Amino acid sequence: MPAAGATATVEFRHVSYRTGGNLILDNLSFSIEPGETLVLLGRSGAGKTTALKMVNGLLFPTSGDVCVDGRPTTDWDLIALRRGIGYVIQDVGLFPHFTVAQNVGLVPRLEGWPMERITARTRDLLQEVGLEPEQFLHRYPRELSGGQRQRVGVARALAADPRLLLFDEPFGALDPVTRLELQDQFLALRRQLQKTSIFVTHDVREALRLGTRIALLDRGRLEVLATPQEFVKSQEPVTRAFLAVLDIGMQMNAGDLG
Amino acid sequence: MNRPGLFDDILELTSEHFVLVLVSMAIAIAIGIPLGILLTRRPPLQGWVLGFANVLQTVPSLALFGFLIPIPLIGGIGKRTAIVALVLYALLPILRNTLVGILGVDPAVRESAVAMGMTDRQLLWQVELRLAAPTILAGVRVATVTTVGTATIAAAIGGGGLGVFIFRGIASVDTTQILAGAVPAAVLALLSDGGLGWIEKRFSAA
Numbered sequence: 000m001p002a003a004g005a006t007a008t009v010e011f012r013h014v015s016y017r018t019g020g021n022l023i024l025d026n027l028s029f030s031i032e033p034g035e036t037l038v039l040l041g042r043s044g045a046g047k048t049t050a051l052k053m054v055n056g057l058l059f060p061t062s063g064d065v066c067v068d069g070r071p072t073t074d075w076d077l078i079a080l081r082r083g084i085g086y087v088i089q090d091v092g093l094f095p096h097f098t099v100a101q102n103v104g105l106v107p108r109l110e111g112w113p114m115e116r117i118t119a120r121t122r123d124l125l126q127e128v129g130l131e132p133e134q135f136l137h138r139y140p141r142e143l144s145g146g147q148r149q150r151v152g153v154a155r156a157l158a159a160d161p162r163l164l165l166f167d168e169p170f171g172a173l174d175p176v177t178r179l180e181l182q183d184q185f186l187a188l189r190r191q192l193q194k195t196s197i198f199v200t201h202d203v204r205e206a207l208r209l210g211t212r213i214a215l216l217d218r219g220r221l222e223v224l225a226t227p228q229e230f231v232k233s234q235e236p237v238t239r240a241f242l243a244v245l246d247i248g249m250q251m252n253a254g255d256l257g
Numbered sequence: 000m001n002r003p004g005l006f007d008d009i010l011e012l013t014s015e016h017f018v019l020v021l022v023s024m025a026i027a028i029a030i031g032i033p034l035g036i037l038l039t040r041r042p043p044l045q046g047w048v049l050g051f052a053n054v055l056q057t058v059p060s061l062a063l064f065g066f067l068i069p070i071p072l073i074g075g076i077g078k079r080t081a082i083v084a085l086v087l088y089a090l091l092p093i094l095r096n097t098l099v100g101i102l103g104v105d106p107a108v109r110e111s112a113v114a115m116g117m118t119d120r121q122l123l124w125q126v127e128l129r130l131a132a133p134t135i136l137a138g139v140r141v142a143t144v145t146t147v148g149t150a151t152i153a154a155a156i157g158g159g160g161l162g163v164f165i166f167r168g169i170a171s172v173d174t175t176q177i178l179a180g181a182v183p184a185a186v187l188a189l190l191s192d193g194g195l196g197w198i199e200k201r202f203s204a205a
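In the order they appear, the protein sequences are chains H and W.
Numbering that gives the first Met the number 0 applies: residue 0 is where the first sequence begins, and numbers increase by one.
Numbering that gives the first Met the number 0 applies: residue 0 is where the second sequence begins, and numbers increase by one.
One chain only, chain H, in its complex shape (with noise of 0.2 Å):
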């Protein structure tokens, strides 16, 4: 595995998102520093997933700016821009005619790195994400399990070496038992890699075991911008609401225990 690559920052400058009459991001200004990884979180329609479209030009903000490395997206080469961004979408949108050896090695592909390398690159990558490479380099995805795809999902957003890490509620199809491994295996990964990231989820324990920052979107506005720490303590409703969950999760277990 390479050592940890460059890095990339990125900030939103008062973004709104306008979209046949809905006001979809209200404002937003923060910004992510590098080696961060910053959690949105909101519930379904909050305009996280938004938000995180616009990080790589699949959206672009009615007003304000989303600058990668200090420069709008609306300045960068689109295609460039991309490249050095990986993906990790929910549905994972693994390509069903491509074998997870072609697959992962696709952004490398489309950049032109020589096959040798390409080759090499999937099997690191493969066995960086717990799949053996020998039993899985051939298979085509609708062979493989959810878990397995969002393994497979993850190393091909890894593949280029990407500045960035866009992961759009990747682990919300899986049962509880693959989630908290994938989550283990993205702590081990940004251990090691220490790349810029940002994490859409509206699962407020995912958030706190993931994020080095949380913000927390309510209808397209920023409500809330903390640390997991700060986040347990704050007082704002709108965080109570996500963190009773939590509180139900611990009443039955001293309801167990007494």
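The set of hints was computed from the structure by calculation and includes no laboratory data.
Some hints here could point you the wrong way.
Cut-off 20 Å, straight-line C-alpha distance, at most; resulting in silico cross-link-like pairs (SDA-like, lysine to any residue) [to be verified]: (1) W:Lys-200 x H:Glu-142; (2) H:Lys-232 x H:Leu-207; (3) W:Lys-200 x H:His-96; (4) W:Lys-200 x H:Pro-95; (5) W:Lys-200 x H:Tyr-139; (6) W:Lys-200 x H:Arg-141; (7) W:Lys-200 x H:Leu-207; (8) W:Lys-200 x H:Thr-98.
Since the model is a prediction, treat every value here as computed from it, not as a measurement.
Dock chain W against the given chain H, drawing on the hints supplied.
The following block gives chain W in isolation, referenced to the frame of chain H:
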């Protein structure tokens, strides 16, 4: 009836028929697939073009052949007019299946292809066309089988092919002649259906 001569005639007209279908299909594919791709990039045009192709399909084939005769350049009596009519008929299934096949690609797959930095061209060739291939081929197959049948009518405007037997047989109430046209046409249709079906299956497996 001259039996040995009939066999030679069958061979000759079958190959003429085959060439008629082959040329028409080649042109229909060369127009239909790129036009279908273009339509996936220009959603407002989809309704218009598909509507036009649909209307063309509803014109009775014998009438379409007739309509084309007085049109300059593409009309007249003979093979060229027949090919134009056959192309117009074959266009709709190819066009529609290309459009449906590409639009049917999983949005998550398309989005991750774009997010990974594929250019529009790479998205088209490496993802959309590969995944739409079975659907597009199914359209080509339907169009081919239909064209084999419709091409028999080409004889009515001097286009040649197996229809020559059928029209001659009808005129002289000669069942042998009709069968001499109909049986090879049916065999041709079955063979092209089987062959294209085989290719289609190979593409779906990948």
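Against the structure, the hints:
Between W:Lys-200 and H:Glu-142 the CA atoms are separated by roughly 19 Å; this keeps the pair inside 20 Å, and the hint holds. With a C-alpha separation of about 12 Å, the suggested pair H:Lys-232 and H:Leu-207 falls inside the 20 Å cut-off, and the hint holds. Between the alpha carbons of W:Lys-200 and H:His-96 the distance comes to roughly 14 Å, so the proposed pair stays at or under 20 Å and holds. For the hint linking W:Lys-200 to H:Pro-95, the alpha-carbon distance of about 16 Å falls within 20 Å, and the restraint holds.
With a C-alpha separation of about 17 Å, the suggested pairing of W:Lys-200 with H:Tyr-139 holds against the 20 Å cut-off. Straight-line distance between C-alpha atoms of W:Lys-200 and H:Arg-141 comes to about 17 Å, which keeps the hinted pair within the 20 Å bound. A distance of roughly 49 Å separates the Cα atoms of W:Lys-200 and H:Leu-207; the hinted pair therefore is violated under the 20 Å criterion. At roughly 18 Å between alpha-carbon atoms, W:Lys-200 and H:Thr-98 fall within 20 Å of each other, so this suggested pair holds.
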